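Visitor: Based on the provided sequences and hints, a complete structural model is requested.
Here is what each chain is made of, one letter per residue.
Number of protein chains: 2
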Amino acid sequence: MLDAVTPIEARRPERTLTVSEGSKTTPCSASECTLGSCPLLHELGVSKTYSPNSVVFFEGDDAAHYFLITSGVLRGCKLLEDGRRQINRFIFAGDLIGYSINPKYTFTVEAVTPVTLVALRRSAVENRVEASPCLHSAIMKSVLSELDEMQDQLVTLGRMNAEERVSRFLCLLAERSASMPAGLARDDLAQIEIPMCRNDIADYLGLTIETVSRVLSRLKADGKIAMPSCNRIVLTGRDRLKTEPGDIAA
Amino acid sequence: MLDAVTPIEARRPERTLTVSEGSKTTPCSASECTLGSCPLLHELGVSKTYSPNSVVFFEGDDAAHYFLITSGVLRGCKLLEDGRRQINRFIFAGDLIGYSINPKYTFTVEAVTPVTLVALRRSAVENRVEASPCLHSAIMKSVLSELDEMQDQLVTLGRMNAEERVSRFLCLLAERSASMPAGLARDDLAQIEIPMCRNDIADYLGLTIETVSRVLSRLKADGKIAMPSCNRIVLTGRDRLKTEPGDIAA
DNA sequence: CGATTACTTGATACTGTTCAATATCCGTGG
DNA sequence: CCACGGATATTGAACAGTATCAAGTAATCG
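Taken in order, these protein sequences are the chains called A and B. For the record, in the first sequence the residue sitting at position 200 is 200 according to the working numbering, with numbers rising by one throughout. For the record, in the second sequence the residue sitting at position 3 is 3 according to the working numbering, with numbers rising by one throughout.
Hints are computed from structural coordinates only; laboratory data are not their basis. Computed from a prediction, not measured in an experiment: that's the story for all the values here. Don't take each hint at face value.
[Claimed, not checked] Computed footprint of chain A on chain B; a stretch qualifies when at least three of its residues, placed anywhere within it, have a C-beta under 8 Å from a C-beta of chain A:
# : segment
1 : 78-85
2 : 99-110
3 : 136-145
[Said to hold, decoys possible] The calculated label-pair distances, taken between Cβ atoms and stated as ranges, are:
#  : chain 1 : residue 1 : chain 2 : residue 2 : range
4  : A       : 123       : B       : 64        : 34 to 40 Å
5  : B       : 137       : A       : 52        : 35 to 41 Å
6  : B       : 132       : A       : 223       : 55 to 61 Å
7  : B       : 232       : A       : 49        : 54 to 60 Å
8  : B       : 81        : A       : 62        : 43 to 49 Å
9  : B       : 232       : A       : 52        : 48 to 54 Å
10 : B       : 103       : A       : 122       : 28 to 34 Å
11 : A       : 210       : B       : 209       : 26 to 32 Å
12 : B       : 223       : A       : 223       : 52 to 58 Å
13 : B       : 49        : A       : 124       : 41 to 47 Å
14 : A       : 227       : B       : 137       : 47 to 53 Å
15 : A       : 228       : B       : 231       : 54 to 60 Å
16 : B       : 197       : A       : 124       : 44 to 50 Å
We put the CB at the ideal spot given by N, CA and C, even for glycine.
Guide: Have a look at this one:
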């Protein structure tokens, strides 16, 4: 089952998350401009930090700002009245959030780890966008990329079983980790740091914490992963769990 | 359960699907321009028709065109090697499809009913976009609106049971039907035409056809819906099944 | 009118949930 | 340094919801 389906992720352009801390004032050079590296954005906004589990914005708040993540991991989630929660995505360094067709945010964003980000007034960004086609296309890319991610996630939630969901989650995380600055030893074996708790994973995958835990234990027993600690996982060998959506049926 | 959660849909701007069949050459009047009504787009493209179950494009095809739907219903879906299918969304008149961050389409689109649409060369649209901020913002709206829809669907697939899923589906369809040109008698009772088969509904909701069928039967037995025929459903009375994502927990 | 497809219904199996207990991790204070 | 306590994670047993398999019914089309 783990090799049954191969990823559409592979076809995607690489995530660009070069966050220029120094913010040199180089002018936006047309084609290569990415959100994370754009000095304009960094100058336009205000830096902020958030501690784990603090809220960046609530669903229903006025959507007054965009946020460009500098470091850390966040979760974007929706809550139902009865307490059920769905985490739509995890948000990483380089990601832009806050765009919406609504005047209000349509989901809540909270910090998973300590987070630093740049808050940008929506109107300020939109003014800039009119003058800068480069910025505009960078934002469009960000939105389209999120859309793509959501579509894959729909396949995961709609048509995959627990083991496939967890495997896919680990693979996605491994991809993200691979491009993260805090490079762990990623030679032959991909060791991933799991920044979020089991509860977050469960709410992301549409499962319960117990099921997530059980699947991880089973993957370990099957020799597909190793778990030096409960938030550190090694995808062992080359049979790295491949189970992702988007494949064309024969 | 049916009244447990209330929709985020309510907060969304109305879908605009005024398709100008006549295509008068009125110039794009700034703020009010919508994709469906934009004469530019209609002139730019080529009209096509599709019969039920024919393919507009396959996942993996070169993403050379945008398509603006004039009439009919389509499904956007992903297939897995083993035959599993997830329908990410149903596509209606007024919708624009084909945008992607990839050079290839990331999902397959097929006609559910007879469909007419306008095919627009991607490059042609993108040239226009640079000159026309109005067109650009219309496209952005379309993308953001789809993103919003996907996010709600994630909650549905990740956290809702079969009855909630089917109820929500019926409500969404009722909203869409309400604004459709072929206006059925929608006075007090909302009668909806179900254009897609049970299999499509199942693959959209992450269920099996049997479960969809059983839930519909149960809703009927409970007096929540009436089914004059198997593709015509009446949401009876005011207790119209309200079960949708996006609600803020207390 | 027969054949095919779509839909419904029933019986059973299985995956994942729920409830409950136990284990592990981590920070605090004796 | 170890003991304690709370939070987080794992494991077990029973249960529930949905899938699967199979049969039967209704709708559709040539």
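Visitor: State for each hint whether it applies.
Guide: How the hints compare with the structure:
1. 78-85: holds (count 8)
2. 99-110: holds (count 7)
3. 136-145: holds (count 6)
4. A:123 x B:64: 34 to 40 Å: The hinted range 34 to 40 Å holds for residue 123 of chain A and residue 64 of chain B, with Cβ atoms some 36 Å apart.
5. B:137 x A:52: 35 to 41 Å: 37 Å, holds
6. B:132 x A:223: 55 to 61 Å: Holds, since residue 132 of chain B and residue 223 of chain A (Cβ atoms, about 57 Å apart) stay within the stated range.
7. B:232 x A:49: 54 to 60 Å: 56 Å, holds
8. B:81 x A:62: 43 to 49 Å: Cβ of residue 81 of chain B to Cβ of residue 62 of chain A: about 45 Å, so the range 43 to 49 Å holds.
9. B:232 x A:52: 48 to 54 Å: The hint (48 to 54 Å, Cβ to Cβ) holds, given that residue 232 of chain B and residue 52 of chain A are roughly 51 Å apart.
10. B:103 x A:122: 28 to 34 Å: Hint holds: Cβ distance 31 Å, inside 28 to 34 Å.
11. A:210 x B:209: 26 to 32 Å: Distance hint for residue 210 of chain A, residue 209 of chain B holds at roughly 30 Å.
12. B:223 x A:223: 52 to 58 Å: Given range 52 to 58 Å: holds, Cβ gap about 54 Å.
13. B:49 x A:124: 41 to 47 Å: 46 Å, holds
14. A:227 x B:137: 47 to 53 Å: 48 Å, holds
15. A:228 x B:231: 54 to 60 Å: At 55 Å between Cβs, range holds.
16. B:197 x A:124: 44 to 50 Å: Because 49 Å falls inside the window, the suggested range holds.
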